[in-house]
Amino acid sequence: MNNTATPGKAKLVLHDVSFYYGDQPAVRQINLRIYANEILAIFGPAMSGKSTLLRILNRLSDLAEEGRLEGEVLLDGKNIHDPDVSVIQLRTRVGIVFAVPVPLPLSIQENVTYGPLLGRGRSKGELDELVERSLRAAALWDEVKDRLSESATALSGGQQQRLCLARVLALEPEVILLDEPCSGLDPISTLKVEKALLALKESHSIVIVPHNVQQASRIGDKAAFLLMGELVEYGVAEQIFTRPKDPRTDDYITGRFG
Amino acid sequence: MKIPRYTMQKIAFAIITTAAISVGIPLVLVIGYIVAQGIGALSWEFISAAPRNGMREGGIYPALVGTVWLTIGTAVTSIPLGVGAAIYLAEYAADNWFTRTIRLAIINLAGVPSVVYGLFGLGLFVIFLRFGMSILAGSLTLGIMTLPVIITTTEQALVAVPQSFRVVNASLGGTTWQGIRKVILPQALPGIMTGIILGLERAAGETAPILFTVAAFFLPRLPHSVFDQTMALPYHLFVISTQVPGMPIRIQYGTALVLMVFVLTMNLLATLIRRYYRRRRQW
Numbered sequence: 001m002n003n004t005a006t007p008g009k010a011k012l013v014l015h016d017v018s019f020y021y022g023d024q025p026a027v028r029q030i031n032l033r034i035y036a037n038e039i040l041a042i043f044g045p046a047m048s049g050k051s052t053l054l055r056i057l058n059r060l061s062d063l064a065e066e067g068r069l070e071g072e073v074l075l076d077g078k079n080i081h082d083p084d085v086s087v088i089q090l091r092t093r094v095g096i097v098f099a100v101p102v103p104l105p106l107s108i109q110e111n112v113t114y115g116p117l118l119g120r121g122r123s124k125g126e127l128d129e130l131v132e133r134s135l136r137a138a139a140l141w142d143e144v145k146d147r148l149s150e151s152a153t154a155l156s157g158g159q160q161q162r163l164c165l166a167r168v169l170a171l172e173p174e175v176i177l178l179d180e181p182c183s184g185l186d187p188i189s190t191l192k193v194e195k196a197l198l199a200l201k202e203s204h205s206i207v208i209v210p211h212n213v214q215q216a217s218r219i220g221d222k223a224a225f226l227l228m229g230e231l232v233e234y235g236v237a238e239q240i241f242t243r244p245k246d247p248r249t250d251d252y253i254t255g256r257f258g
Numbered sequence: 001m002k003i004p005r006y007t008m009q010k011i012a013f014a015i016i017t018t019a020a021i022s023v024g025i026p027l028v029l030v031i032g033y034i035v036a037q038g039i040g041a042l043s044w045e046f047i048s049a050a051p052r053n054g055m056r057e058g059g060i061y062p063a064l065v066g067t068v069w070l071t072i073g074t075a076v077t078s079i080p081l082g083v084g085a086a087i088y089l090a091e092y093a094a095d096n097w098f099t100r101t102i103r104l105a106i107i108n109l110a111g112v113p114s115v116v117y118g119l120f121g122l123g124l125f126v127i128f129l130r131f132g133m134s135i136l137a138g139s140l141t142l143g144i145m146t147l148p149v150i151i152t153t154t155e156q157a158l159v160a161v162p163q164s165f166r167v168v169n170a171s172l173g174g175t176t177w178q179g180i181r182k183v184i185l186p187q188a189l190p191g192i193m194t195g196i197i198l199g200l201e202r203a204a205g206e207t208a209p210i211l212f213t214v215a216a217f218f219l220p221r222l223p224h225s226v227f228d229q230t231m232a233l234p235y236h237l238f239v240i241s242t243q244v245p246g247m248p249i250r251i252q253y254g255t256a257l258v259l260m261v262f263v264l265t266m267n268l269l270a271t272l273i274r275r276y277y278r279r280r281r282q283w
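Residue numbers (the working numbering), protein chains in the order written: chain A, 1 to 258; chain B, 1 to 283.
Worth flagging that the hints you see were computed from the coordinates, not collected in a lab.
Please note: incorrect hints may appear among the correct ones.
Interface residues of chain A toward chain B, partial, derived using beta-carbon atoms under 8 Å [unchecked claim]:
1. Leu74
2. Tyr114
3. Gly119
4. Leu171
Quantities reported herein were computed from a predicted structural model and do not represent experimental measurements.
Idealized CB from N, CA, C, for every residue including glycine.
Go ahead and model the full structure; you've got the sequences and the hints to work with.
Below is the structure:
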């Protein structure tokens with residue numbers, strides 16, 4: 001939709017962002033810029049705050065009981081916590097795909113149209129076109145085009161995950177967040193998802209938490225290493241994975257811990 | 001002495017099997033006895049005619065119709081309130097003193113003896129609100145009595161729907177209400193239906209709550225409006241079993257049989273509806 005941001009102008013800016021569950025900090029003092037037409041891979045060991053960081057970006061973190069946010073997140077220069085920002089609209093602009101695919105207990109078609117139909121009515125032709133476009137972009141169209149009205153839960157794990165991606169794409173978001181989208185997938189499904197993502201970055205900002213360092217280096221344009229809630233290093237992916245500046249990053253990507 | 005564990009397993013298995021079988025015995029006996037004693041009274045006249053000759057002859061038509069009306073009235077009063085309250089408690093309510101008070105109230109409501117509901121209905125609906133002895137007063141009384149059952153089962157059915165559906169709904173830009181209407185309620189519907197019908201069944205068979213609020217001792221005509229009194233099967237059964245001398249025993253059991261069939265039919269209906277919804281969605 002709105003991808004007119006000039007090159008070099010950040011889509012999302014995190015300024016001194018910290019998030020606490022109760023008094024337990026999950027991420028601390030994060031400063032990060034996320035650009036259009038790029039894939040940012042946020043990697044690091046378990047419990048580093050990667051998922052928390054993703055959920056802050058579309059305010060799903062609001063759902064956490066006793067969660068507390070400090071700092072600010074700017075989307076196109078606008079603070080997403082400003083009182084005049086609609087959280088519902090924000091979540092359609094910044095879509096998220098989870099680690100475990102959760103198809104809604106509806107048909108394949110209904111899963112894809114679920115988000116778009118929440119906002120406003122659409123003509124059948126418009127919807128059909130949206131469904132096909134979203135499923136094609138998620139590399140699922142050819143496998144399901146003949147059974148769109150069948151239950152989504154009957155799909156295989158890899159198909160379900162691509163359906164969840166298509167469901168997010170149908171929102172026509174500007175930013176796509178992916179939380180270990182391939183953690184439960186076989187290598188072929190993983191390849192399909194990664195190919196879809198590489199095509200999607202032409203028109204979106206993508207932030208992915210990969211399930212391993214290899215995936216981060218395969219598809220990331222930029223990379224950010226998160227350790228115990230702290231942003232250790234952030235930069236061009238190739239540089240981080242070949243010549244990391246911080247010894248902790250070096251130790252992690254060479255497998256000395258993790 | 002230590003009993004070998006395989007022997008122990010056999011003993012335990014024997015005990016729980018006996019328990020399971022014992023549970024079924026009273027049910028079979030009750031149904032069998034009532035059918036055997038009451039089947040002779042059944043005829044088209046029995047379910048289509050008014051009682052005659054001091055209720056010793058004729059049928060139970062007015063009581064049957066009365067019970068149908070009261071069950072419908074109970075459904076109308078208790079389902080919107082009960083399901084609404086359950087949705088609030090399961091989906092919106094935070095855990096604070098207010099909702100804890102509501103939950104406590106519901107638990108206490110479930111523990112109130114049915115005759116106390118009857119007296120409460122007499123005081124509030126019949127006398128204070130001047131509905132008089134009427135279907136309206138009886139339905140409201142039965143409705144309040146049914147609320148805890150409907151609220152509790154509906155809330156359980158809602159809570160059983162995976163939390164991840166709610167997160168997905170929110171992540172796709174859905175409001176809490178959109179998630180409830182489009183995903184959570186349809187998923188919970190079979191469970192909710194079961195709860196509703198269980199509650200209505202109990203209401204249909206209750207005597208004490210209708211005793212002071214609606215039930216007529218002998219009223220051979222049908223009610224014209226919700227402000228009329230009516231006969232009802234459970235109270236009619238009580239009356240002909242204890243208040244009428246020289247009552248033929250087969251009429252008592254025939255009445256019991258009709259009441260039982262009415263309740264079991266509702267039960268069957270609940271099962272069929274549940275099946276239908278399960279089958280319609282293949283997941």
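Cross-check of the supplied hints:
1. Leu74: Status violated, d = 20 Å.
2. Tyr114: holds, 6 Å
3. Gly119: holds, 7 Å
4. Leu171: At about 7 Å, which falls below the 8 Å cut-off, the nearest Cβ of chain B leaves the hint on Leu171/A intact, so it holds.
Going down the numbered hints, you'll see the structure goes against just number 1.
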